[in-house]
Structure formats: C-alpha cells, structure tokens
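Put together the whole structure using the sequences plus the hints.
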Amino acid sequence: MRYTPYRKYQITRMKKDSRSAEGERIIDISIGTAAALLAVTFLKGLFWGYMIRKCRS
38 MRYTPYRKYQ ITRMKKDSRS AEGERIIDIS IGTAAALLAV TFLKGLFWGY MIRKCRS
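The opening position of the sequence shown corresponds to residue 38 in the working numbering, with each subsequent residue numbered one higher.
I should point out that these hints are in silico values taken from the structure, not numbers from a laboratory.
Heads up, some of the hints might be wrong.
As the list claims (entries may be wrong) - SDA-like, lysine to any residue: derived pairs with alpha carbons at most 25 Å apart:
no., residue 1, residue 2
1, Lys-91, Ala-76
2, Lys-91, Phe-79
3, Lys-81, Ser-67
4, Lys-81, Gly-69
5, Lys-91, Thr-70
6, Lys-81, Asp-65
7, Lys-81, Thr-70
8, Lys-91, Thr-78
9, Lys-91, Val-77
10, Lys-81, Gly-60
11, Lys-91, Leu-80
12, Lys-81, Cys-92
13, Lys-81, Ala-71
14, Lys-91, Ala-71
15, Lys-81, Lys-91
16, Lys-81, Arg-93
17, Lys-81, Ile-68
Shown next as structure tokens:
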C-alpha cells in the first residue's frame, strides 16, 4: 500500500500534508456553523429586500 502507516485516515492525512502551490485558502467549518451562516445571509437578504421595497413605495 502507498501509505501503510496511515491506513486508517489516509485521505485526511494526504489532504493535511499536501500544501497548495496556488495559495488556495481552505476553511473547515462544522455543519452547524455552515447552517448558521446560511441563515444569517438569508435573513439579511430578507431585511434588505424589505427595506428596498419600503423605500420604493
């Protein structure tokens, strides 16, 4: 095998050990954090949509 010492978590180990040559930024967030971020973005969109609609009328 290619990575016998790290057989149990070989994909994770490969991702952590490999550094991007292009300088990509990768953010690891939990599902809860992603859901909260999505909810906040949605609520901000609702708020600004309401404000624009209110100002146009």
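Comparing the hints with the structure gives:
1. Lys-91 / Ala-76: 22 Å, holds
2. Lys-91 / Phe-79: Given pair Lys-91, Phe-79 holds - Cα atoms ~18 Å apart, limit 25 Å.
3. Lys-81 / Ser-67: 21 Å, holds
4. Lys-81 / Gly-69: The hint holds at about 18 Å.
5. Lys-91 / Thr-70: Status violated; Cα separation ~31 Å.
6. Lys-81 / Asp-65: Roughly 23 Å between the alpha carbons, so the hint for Lys-81 and Asp-65 holds.
7. Lys-81 / Thr-70: Holds: Lys-81 and Thr-70 sit about 16 Å apart, inside 25 Å.
8. Lys-91 / Thr-78: Holds: Lys-91 and Thr-78 sit about 20 Å apart, inside 25 Å.
9. Lys-91 / Val-77: 21 Å, holds
10. Lys-81 / Gly-60: 31 Å, violated
11. Lys-91 / Leu-80: 16 Å, holds
12. Lys-81 / Cys-92: 16 Å, holds
13. Lys-81 / Ala-71: The hint holds at about 15 Å.
14. Lys-91 / Ala-71: 30 Å, violated
15. Lys-81 / Lys-91: 15 Å, holds
16. Lys-81 / Arg-93: 18 Å, holds
17. Lys-81 / Ile-68: The hint holds at about 20 Å.
Going down the numbered hints, you'll see the structure goes against 5, 10 and 14, while the others check out.
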